[in-house]
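**Q** One letter stands for each residue in the lines below.
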Amino acid sequence: MTEAHAGKRFPRPTAVTAGYWEGCHKHRLLIQRCTQCEHLQFYPRSICSSCMGRELGWVHASGQGQVSSYTVIRHPVSKAYADETPYVLALIRLAEGPTMMSVLCNCEPESIRVGLAVEVVFERWSDEITIAKFQPSKGN
Amino acid sequence: MQRTKSSFRVLPRSAFIEMDTLRGKVAIVGAADTEVGKLPQFSATGLCVDAARRALKDAGIQKDQVDGLVTCNSFAEPYMYHAEMIAEYLQIFPRYCVTAAAGGGTTFSSIQNAVAAIVSGLCDTVLVTMADSLRTGLSREQAMLIQASTGHPEFEIPYGPTVPAFYALIARAHMEEYGTSPEQLAAVAVNARLHAARNPNAQMREPITIEDVLNSRMIADPLHLLDCSLVSDGGAAVILTSAERAMDFPHAPVYLLGSGEGHGHEHISQARSLTTSAALESGAAAYKMAGLGPGDIDVAQIYDCFTPVVLIELEDLGFCKKGEAGAFVADGHTALEGTLPMNTNGGLLSYCHPGNPGSMYALTEAVFQLRNAAGERQVRNAETALVHGQGGIMSSHATLILGKETNR
Ligand SMILES: [Zn+2]
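From first to last, the protein sequence lines stand for chains S and B.
Residue numbering for the first sequence follows my numbering, beginning at 1 and increasing consecutively.
Residue numbering for the second sequence follows my numbering, beginning at 1001 and increasing consecutively.
Derived by calculation from the structure, the hints in this document are not laboratory data.
Treat the hints with caution; some may be incorrect.
[Said to hold, decoys possible] Listed below are the simulated DSBU-like cross-link pairs for lysine-lysine, each with C-alpha atoms no more than 35 Å apart in a straight line:
id : chain 1 : residue 1 : chain 2 : residue 2
1  : B       : Lys1322   : B       : Lys1057
2  : B       : Lys1038   : S       : Lys79
3  : B       : Lys1322   : B       : Lys1404
4  : S       : Lys133    : B       : Lys1322
5  : B       : Lys1288   : B       : Lys1404
6  : S       : Lys138    : S       : Lys79
Same shape as in the complex, but just chain B (with noise of 0.2 Å):
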């Protein structure tokens, strides 16, 4: 047949996959993280497997049941074909296998491909597991190197920023706009902790006040050094699989309701605003899929690099108005026993952040409580969950909305 371009034209509308037809249709049914912290017994590599077989534990499958597999690569052992190798290295075979590009939002993003790929029938049970080990696990030149590769080589770069230093101009500038305090940017550091102290498994579990925060070292103003996520070797992984099957395992599934991206620049000195961010469009996306709102959230797990960045994807995603996120936080909203308990886990930072891998364990800690299986930590009656994630410099951004139910 000749292709031509009204021979596209007359498909039906049928003939794509709508993607609210995502909603409700894939569960996860497993979930795990690794031991994180410094683990210089571990490979990165060693961290991804045993990341896998702790979520196939959890799931009650056995490897060969995997069909589809996504990792995403490391640091510090990093592969041209990163999930190629790390299915030869556990001997699956996989007839869908994918490396997330990078960290932050493409996590989710990977995530919401891989449901795709299960409601389209590319596979059934997706393993999606990832690890790293920057805090061990880096030479001195890979840890160079991953300084010096953020920003815009010829336009960015010469100028000496530092990685603090991008996240600290969006801070500043919200600050400006909003009136945003230190002290409202230091509430969040010290909500994580708070969560963390309730996380046997957190790397930093010692308890934190606001003067603690500012009396830390300015890294780059106005970021301290509380201020910035932790750096952390560690690993996690989901199960996903469809509806029809998530029914026989032995843990109750965790569905997918809702997911979005969105994507506003690659280099913060391009950013069309620095104080709202393109969680604007992937929020938006993952609501009008589950068909839920921010009122309807009953813990959030929102990406936390550097604290103001939390302020801009609350505000963002609809959970308070433009510019209130600091009190919102400030006021003990984002408490446990708050309207909106957020990073119940401790999040990037006090839980661990190792880097690329790092939205997993919002994924992970969502499932958990979701279970009703996180212990001292446990939100009462979390019935639906919203995890965010972003990387580069506010630049790719991604939302899930995972839920008990189906039909709510």
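Okay, chain S solo, but in the shape it has when bound (with noise of 0.2 Å):
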């Protein structure tokens, strides 16, 4: 674990999941799509949640969305994410059309709107653990 890491709510794989964490350890954002009907779905399930089949293949997200909500944390939840408070707590709807929950990063709070066009990037905070971030996109 990296010191600047320490102390924060680590997710814990399951078997159902750990292909989308090995995704962000070699920075790819991945999503589950049903091999039967085809349905793109996050997070990760065992079963398709459209028509219950239980065959779902990864695929590497293109990584572009768009801000469909957020909001700035003043008071951290807890000291371990102290230092990066002010932070932005955010729902991005892929460009895939899931939506996921993440924080912006490398962006002034006060710039953020609902349709900012963001990126995936990625940040490490173990040798098992690497988290999706998103940040506005380049041709903002």
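Using the hints, put the two standalone chains together into the complex.
**A** Structure (structure tokens):
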């Protein structure tokens, strides 16, 4: 664990989600696609949330998305998050369709708007865990 | 008999209880709140049984006349089998005994279930008693655990969200979609405080202005401290029985006319919509059962853990058009003398919010209003009341409609 992230709430990958976390480790944002109905979903599940199919594969998402909502957290949830406070918590609608929660970095909180185009960046927390965050797209 | 699929299919429809048969079949015959606020002299269990004692007294019955018990679990004093623990503590031996899963909407879901239990003969008289001591009863570890337990453990919590932040995402989306302003959000808090000022039991009674809300500490943009509900110790209880039995109690019965639930998601990042909630479904079901519409409601208690929640619920319950709730509240419609007096006890924003039991105060307040016993904050000629609860992060919704008469 790198010291900057000590004490944070580390995710614990499961058999179903391990593929996602391995993707993050390789700086790839992976979402699931159902081989039966082609439905794309996030977060990873053991079944397709559209057709209940059990055959799911990983697809490499573009990492592009749009802010569908955001907030600036001025009181960190715990000491481990104090150094980066204030931080921008956001819901990101990925270009592929599914929505995920993340944090926006490399930006001024005041510059964030709903609809802002963002792209994924990866932040290494430990040998096992790399977290997907987002920043304003270069084209902005 | 061999069970086959077709043996289920041939059962006549009348073999099932139809939901509309719940209408007018059960009444609330006892209701009481404990003291609320900072109550270090009480444990959470102590508050739970105190609420029970008060409600039994209000109903004029003895504890052994209760054969059903519903509680909710407590953060301060949790038990694996909470309702059984309260039954043991009171030395009652119910034949129907349930602990509600959480707070918010699940409180009213558990009421709906208790009503169905009475109608179907599982029990006759149900005590619903809920309490917690979030203000003075939590250890440091427990307080951290509550904060840390909200959100998806893998796909939300690592990002360091807080509960106000989750609701701020909803607020921002509503502002973006409908042009709702921070002033309109603040108007919800001002409305609540105005009513709390007339409630001698309320935790916060000093009047506040829109400016006070906007000048209070920013917690998670756009939510200020005064957009957030209180943290309290407290409990409340009601007693339910069949409409036939309800005639024999000291207070006029308050009948359940309609109920409904809706469940949209658990985690806000999975919400179908940030600005339309499952209150749409819970409200529609409750109105349908009651045979009433939003225009028939005389007083409403709308779950107000954070100000934006109230706006979305008012819209989804049909009290105003989508996107217009901000103006609806700011224009005074929800004041005591308005067209829809709302959160007449001061709500979670200004009366009290002890966590899981929070929705219970909406229910007891609706009873007090329909009994014409709400003192200084009484709504004139209140005949029907709607209470709405939501829990999780706009996740699980339940609506109850209550009335003084069954034939409305
Ligand atoms: Zn599928």
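**Q** Given the hinted pair lysine 138(S) and lysine 79(S), is their alpha-carbon gap at most 35 Å?
**A** Distance of about 32 Å is within 35 Å: holds.
**Q** Take a quick look at whether lysine 133(S) and lysine 1322(B) sit within 35 Å of each other, Cα to Cα.
**A** holds, 33 Å
**Q** Would the pair lysine 1038(B) and lysine 79(S) pass a check requiring their Cα atoms to be no farther apart than 35 Å?
**A** Given pair lysine 1038(B), lysine 79(S) holds - Cα atoms ~27 Å apart, limit 35 Å.
**Q** Check whether the Cα positions of lysine 1322(B) and lysine 1404(B) lie no farther apart than 35 Å.
**A** holds, 30 Å
**Q** For the pair supplied as a hint, lysine 1288(B) and lysine 1404(B), confirm whether the alpha-carbon distance does not exceed 35 Å.
**A** Distance ~18 Å between lysine 1288(B) and lysine 1404(B) Cα, so the pair holds.
**Q** Could you grab the alpha-carbon distance between lysine 1322(B) and lysine 1057(B) and see if it respects the 35 Å cut-off?
**A** violated, 43 Å
The earlier numbered hint that this structure contradicts is number 1, and it is the only one.
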